[in-house]
Structure formats: C-alpha cells, structure tokens
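Asker: Order-wise, the sequence lines are chains B and G.
Residues in the first sequence are numbered consecutively from 1, following the working numbering.
Residues in the second sequence are numbered consecutively from 1001, following the working numbering.
No lab work stands behind these hints: they were computed from the structure.
A few of these clues could be false.
A partial selection of chain G residues facing chain B, derived with a Cβ cut-off under 8 Å [stated by the list, open to error]:
{"hint": "1", "residue": "Val-1009"}
{"hint": "2", "residue": "His-1121"}
{"hint": "3", "residue": "Arg-1135"}
{"hint": "4", "residue": "Gly-1168"}
{"hint": "5", "residue": "Ala-1227"}
{"hint": "6", "residue": "Trp-1229"}
{"hint": "7", "residue": "Ser-1232"}
{"hint": "8", "residue": "Thr-1235"}
{"hint": "9", "residue": "Ser-1245"}
{"hint": "10", "residue": "Met-1270"}
{"hint": "11", "residue": "Tyr-1406"}
Taking CB as the label site, the calculated pair distances span [as the list claims (entries may be wrong)]:
{"hint": "12", "chain 1": "G", "residue 1": "Ile-1412", "chain 2": "B", "residue 2": "Gly-58", "range": "38 to 48 Å"}
{"hint": "13", "chain 1": "B", "residue 1": "Gly-119", "chain 2": "G", "residue 2": "Glu-1142", "range": "52 to 62 Å"}
{"hint": "14", "chain 1": "B", "residue 1": "Glu-14", "chain 2": "G", "residue 2": "Gln-1359", "range": "46 to 56 Å"}
{"hint": "15", "chain 1": "G", "residue 1": "Gln-1359", "chain 2": "B", "residue 2": "Thr-177", "range": "18 to 28 Å"}
{"hint": "16", "chain 1": "B", "residue 1": "Ala-66", "chain 2": "G", "residue 2": "Asp-1382", "range": "24 to 34 Å"}
{"hint": "17", "chain 1": "G", "residue 1": "Pro-1076", "chain 2": "B", "residue 2": "Gly-58", "range": "36 to 46 Å"}
{"hint": "18", "chain 1": "B", "residue 1": "Glu-3", "chain 2": "G", "residue 2": "Asn-1077", "range": "16 to 26 Å"}
Taking lysine to any residue pairs in the SDA-like style, the calculated list, with each CA pair at most 25 Å apart, reads [unchecked claim]:
{"hint": "19", "chain 1": "B", "residue 1": "Lys-154", "chain 2": "G", "residue 2": "Lys-1036"}
{"hint": "20", "chain 1": "B", "residue 1": "Lys-26", "chain 2": "G", "residue 2": "Arg-1118"}
{"hint": "21", "chain 1": "G", "residue 1": "Lys-1237", "chain 2": "B", "residue 2": "Pro-220"}
{"hint": "22", "chain 1": "B", "residue 1": "Lys-154", "chain 2": "G", "residue 2": "His-1424"}
{"hint": "23", "chain 1": "B", "residue 1": "Lys-26", "chain 2": "G", "residue 2": "Gln-1190"}
{"hint": "24", "chain 1": "B", "residue 1": "Lys-75", "chain 2": "G", "residue 2": "Gly-1345"}
{"hint": "25", "chain 1": "G", "residue 1": "Lys-1194", "chain 2": "B", "residue 2": "Pro-25"}
{"hint": "26", "chain 1": "B", "residue 1": "Lys-18", "chain 2": "G", "residue 2": "Pro-1078"}
{"hint": "27", "chain 1": "B", "residue 1": "Lys-105", "chain 2": "G", "residue 2": "Gly-1432"}
{"hint": "28", "chain 1": "B", "residue 1": "Lys-154", "chain 2": "G", "residue 2": "Gly-1431"}
{"hint": "29", "chain 1": "B", "residue 1": "Lys-208", "chain 2": "G", "residue 2": "Val-1028"}
{"hint": "30", "chain 1": "B", "residue 1": "Lys-208", "chain 2": "G", "residue 2": "Arg-1408"}
{"hint": "31", "chain 1": "B", "residue 1": "Lys-26", "chain 2": "G", "residue 2": "Leu-1193"}
{"hint": "32", "chain 1": "B", "residue 1": "Lys-26", "chain 2": "G", "residue 2": "Val-1429"}
{"hint": "33", "chain 1": "B", "residue 1": "Lys-154", "chain 2": "G", "residue 2": "Val-1429"}
{"hint": "34", "chain 1": "B", "residue 1": "Lys-105", "chain 2": "G", "residue 2": "His-1424"}
{"hint": "35", "chain 1": "G", "residue 1": "Lys-1346", "chain 2": "B", "residue 2": "Arg-12"}
{"hint": "36", "chain 1": "B", "residue 1": "Lys-18", "chain 2": "G", "residue 2": "Arg-1145"}
{"hint": "37", "chain 1": "B", "residue 1": "Lys-26", "chain 2": "G", "residue 2": "Trp-1430"}
{"hint": "38", "chain 1": "B", "residue 1": "Lys-75", "chain 2": "G", "residue 2": "Gly-1003"}
{"hint": "39", "chain 1": "B", "residue 1": "Lys-179", "chain 2": "B", "residue 2": "Gly-221"}
{"hint": "40", "chain 1": "B", "residue 1": "Lys-154", "chain 2": "G", "residue 2": "Arg-1145"}
Bear in mind the structure is a predicted one, so any value in this text is a computation, not a measurement.
The C-beta atom is built at its ideal place from N, Cα and C for all residues, glycine as well.
Here's the letter readout for the chains.
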Amino acid sequence: MSEGFDDATRARLEVDAKEVIARYPKSRSALLPLLHLVQAEEGYVSRAGIGFCADVLGLTAAEVTAVATFYTMYKRRPMGEYHVGVCTNTLCAVMGGDEIFAALKEHLGVGNDETTEDGKVTLEHLECNAACDFAPVMMVNWEFFDNQTPESAKRLVDDLRLGNDVAPTRGAGPVCTWKQASRVLAGFSDGRAGEGPQAAGPSLEGLKLARERGWTAPAPGAAGPAPTEGGDR
Amino acid sequence: MTGTALTPVLSEHWDREDLYTLDGYRAVGGYGALRKALAMEPDALVDLVKASGLRGRGGAGFPTGMKWGFLPKDNPNPRYLVVNADESEPGTCKDIPLMMANPHALVEGVIISAYAIRSSHAFIYVRGEVLHVIRRLRRAVEEAREAGLIGTDILGSGFDLDVVVHAGAGAYICGEETALLDSLEGYRGQPRLKPPFPAVAGLYASPTVVNNVESIASVPPIVANGAEWFTSMGTEKSAGFGFFSLSGHVTRPGQYEAPLGVTLRELLDMAGGIRAGHRLKFWTPGGSSTPIFTEEHLDTPLDFESVGAAGSMLGTRALQIFDETTCVVRAVGRWIAFYAHESCGKCTPCREGNFWMVQVLDRLENGEGTEADVEKLLDICDNLLGRSFCALGDGAASPVMSSIKYFRDEYIRHMEERGCPFDHSESTVWGGSK
Ligand SMILES: Cc1cc2nc3c(=O)[nH]c(=O)nc-3n(C[C@H](O)[C@H](O)[C@H](O)COP(=O)(O)O)c2cc1C
Ligand code: SF4
Ligand code: FES
C-alpha cells in the first residue's frame, strides 16, 4: 500500500480540507472532521489518511495517530460497505440485543469487528446509542433501526448483502454507504435532511397521552400549578 | 394525592411532520422568542434565566443563569458557547429525538443564549453516531443563516453569530465538559483539571459556557413566557419541566415531558405500567451513573433534592426500568464493562478499578465468585468514589454499590447455584409473555 494519496485525490481533498478548516477559529479543531473526511475516502483511516491530516494541519503523524486511535468511530482496517451495529449496553442487552448480536454473528459467520467475505457488512456491538426507548436498537452506517428482533436483524443484513434497498426507521432511506455517511460526518451535506419522519413511536407517546387527556403546560401569565386533572377533551 | 399532568413544551409540536423545517417551526411561533430577546439587554436575559431557576439538564443540575454569570467581565478574549449534544450516558435518550424532530428549538436557544452571554461563536458538539440528527441540525443552521437569523447583524440588532455543528467520533467521556473542549480543540478527549472552570478558561483557554441541549432549548420558552411561568411548574428548588425518558420493561416506553417532581408511579401509570404479567424490580432515576432504585422509591418525587435525599441523583431523568426477569448482576456487569471501555485512562482509580471490577463481576455472574469478591467490589468502589479525576469514575461506583445494597442476596444466589439463576430469554421483548 502506498504511503500517500495520489496527486488527483490529494488535490481534491485539499479543497475539502480547506473548507473544513475555515469553519474553526483554530485549525487543529478541524482534526476530527478531517479524520471523518479521509475515512470517507477509503472507508477507514489509513496511513495515507493520517499523513494527509498531519500535512494540512501542520501536525506530526504521531499526533494525528494519537487522536485517531482514541475514538472508536475511526476504523484502522478497511470496512464493509455497511457498518452494522447492535447495541449491547445493559438496557438493549436485556431487551434482546445480546440475542440479536449472537444471531448475527452466527448468520454472517463473523465475529465482533469483522467483515463478511463479500465486503458488504462489518458487524460490531455498540454502546448505548441514545435510543433506549426503542430497544433493542441497531444502527446501520449510524442510521437508526429501532425495535429489532433476531429475525428482523437477519433479514436486514440479508437485504444489505443482496443490494436491496433498506430504510432506517428514523433516517434517510435507502440507507447510504459507509463512505457516504463518513462524508456527512465530515460536514458535507448529502441533501437528505428532509427524508424520514420527524419523530416516531416512543418519541410521541407522552405527547399523544397529553393530547388525549387535554394536558398542556400552563398558559403564560396564568401562574399557578400545572393542571392536575384531565381536561375536557 | 393529586396526579401530575404532563407539560409538553419542547415536545409540544413533535407530531407536526414539517417541524424540523424553518417554515414548520415558524408556523408554531418559532423564533418569536428570539425577536423578544434581541430587544432586551443581554444582562437582562441572564437575570431572567437566573430568576427562572433553570438548572442544567445534562446531569449535574447546576443553575444555568448562575453559570452564565460566572463569565469574567474583564477578559478580553472572545467568548464561546458550546452546546453539549454528546448524549451518551446509558439510558439517556432525550436530546437526540429533540434534535431530530425540532432542531430549530435548539438553534433558537443557541442564538438567544449566545446573545445573552455576548458570544459571537457557538458550537454544537453532537455525538457522531447519529447521522440523521447531524443532517437535521446542519440543515437547520443553514436555514437559519439563509433567513438572517444567524450571521451578521441578526434581525437588525447589530448582533453577529456564527454557529458550527461539530460531529464527535465515539467516546462517552467527551460528554464530560472539559473533555469535550479538548476534543473540540482536536485532541484526545480527556478531562482537564478544574479549576479553572470553562467559564474562565474553556475553549482555546477563553471564557466558555457549556450547556446541555435540553437546557439551551428551554431558554426560548422561558423568554417567551417568563420566569414565573417556568417556576409555576416543578418544585421550589427544581423548577420547570423536563423530559422523563422511560425505557425497558414498560408497556409504552418513550419521552414524557413533565414538571420536575413527578414520581415514577405517576409516570408508569401514564406509560401503561410495567409490561403485562410482570413487576418492577429496579430502575435508574437518571442513567447508569446514578445509584439504582427499587419499588420502595416509586413515590420519590423526581426532583434534584428528593432523589438526592433518597440516595441517588436525578441525573438526566433516564428511567431505565427492569422487571423481575432481569438479573441485576448481569445488568451491573454490562454497565461496568461500558465504564471500563470508556475510561479515558488518565487516572489510576478509574482505569484500574473498572478493569478489575469487570473481572470480578464476570466471576460473580458465572457463579465462580465468593463473598470476598463482593467485598472486593465495595473496596474498589471506595477507591473510585471521590478519588477519580472526573465524574465518570464516580459514576461507575453507583450501579455496583447500589446493587449490592439492595440485591446482595442475588449476588449470593449466583454463588450458591454456581451460575446465573435467570433465564435471560425471559427478559427480552419477545420472551416476556412466555
Ligand atoms: C462522563 C460524563 C459524561 C457526560 N455526558 C454528558 C452528555 O452527554 N451531555 C451533557 O449535556 N452533559 C454530559 N455530562 C455533564 C457535563 O459535564 C456538563 O455538566 C453539562 O454538559 C453541563 O450542561 P448543563 O449545565 O446544561 O447540564 C457528562 C459528564 C460526565 C462526567
Ligand atoms: S475518572 Fe476515568 S474517565 Fe475520568 S479522568 Fe479518570 S480515567 Fe479518565
Ligand atoms: S441501551 Fe441501547 S440505545 Fe440505550
């Protein structure tokens, strides 16, 4: 593997890098997004990627490596087209995340942090992804796939490997590739913010109940405790 | 006892499909508070937030207005506002749906708060593992910029502001405010020694305010409706409303926006109770770093003072609910594996302590432990609590100590039965009705 990007790639990435760096008062703040950017190029943070970040920011490769290895989202080996994560933090694990993860390992014939032979799916168990009310939760390229079961999870990875379109429960569908996702993380829009629902399922439970019972926050100016009984609806 | 009613404010319009667009947000009165705020003196806004009694919604509950007031008046460096959107504390799942459904609520809060503290540069540090939320936030900032709500001379007020949405890269510790600042500066996310506090030397060693998403999003409604309106909800020392995030073995998990001081009994009632045929065993009031509670705490008012007095912390109001099918040793073991994985390695009690607790808990869960192991856990916790460099280490002690306090028997049962007495499949979503 060569030590650096070829000239054309480098020239293209330098334009992007300049745009990222310009967002910050101090250039070093651009390091995390730049690591996402080089990951978008190759699917992982390679030596070439590290060297590129170091060059544009005036850092040493050792300084960049120290940062890249600290954060779990930066991968040091080539990734599949789809990063499939299963939350196995306590709440999701108890609700079935452990069973889902075990089922996928068996179904795909890979272990944690390994990629299927076709290069399509990299499997990883995740920590809490801030969607516990949708447990058990999975993420594909960091899009939400809520309320999963071992069966739905197997179907999901089958579809990904067959090249069928797959849509997240809350996110942009069909789900983008790992590299495309990394580019969005670096700060380059893919124009898909308007896709998917504004909210779904559990996010709306409280509001739904409040509407049913006519509960609202007090009207401004009407100081006094919040209404304690059901309203008139 | 009269029941508490829900008070949807930040979630009031989440069922509106276009809420995340500028038009949708404006249609429900969005950016009205900004106009009102820009007509006020910045200091008057700080006073207003002080008077409202708003306390930080990111876990620690520090009074927001007071924090803003700590910014030194004579420091010539630029001031920064940094929004903590790292939401990674296990169980916590409120900021993400808020930013997904209503990103402009946060953006409006950012503009008003930045104006109040006289900052012209704000950052939203959002965890990287939520791609679509990042899209929505960036788009909201872009729309606000196009509409002249961000940029120079905002709405003719002479106030300039730039807002940058910054994606993290997977590290729980970056939710700790000083680690977050190091990360935002492009370093490994490791906590800094405090003092100096961020108010004095924060981002780029400049005066900085770090606030949680929900704290900042609560500012526009306070500006729009007044401090008295806010204090009319909640308790005297824990004013206002907040998200209570119910997850786990409840019939209808989800986000319930209620006055602080609501009880779990009331919330469970709203959420349809514990899932059918089961009963409550233990729960976290505010995420995995807050000591667990049991049935005996069903009526504890969920405000900062009452939860503290009962031996835990309100934290982020992340109510993870577990029924009797759940093995507490397994639950705690998994949390500690998380802390061990996320420990930044800077200080010995946390780095070594969590590593050892994982080994001991593994042994105990597999029925290979002894009572001396339980004592060993308490010993390690003693070393963590108050002796670690940041609150991650303290947090790790919480589930261990509280689970031994309430469920020592269950640790012993693992020894007696030489293995876990639970059938884990029964705790799953699909195994519950067996
Ligand atoms: C390990 C650790 C993780 C934290 N994670 C978060 C987080 O994800 N979001 C957050 O707002 N605060 C988090 N905090 C609390 C912050 O340090 C800080 O208190 C908070 O952002 C201040 O905002 P507030 O006053 O508005 O609550 C964390 C603290 C610790 C020790
Ligand atoms: S307590 Fe843990 S996370 Fe905090 S500084 Fe020490 S090692 Fe790092
Ligand atoms: S524990 Fe899985 S999303 Fe929170």
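Asker: Please list, smallest to largest, the hint numbers that this structure does not respect.
Answerer: 5, 8, 11, 12, 13, 15, 17, 18, 19, 30, 32, 35, 37, 38, 39 and 40
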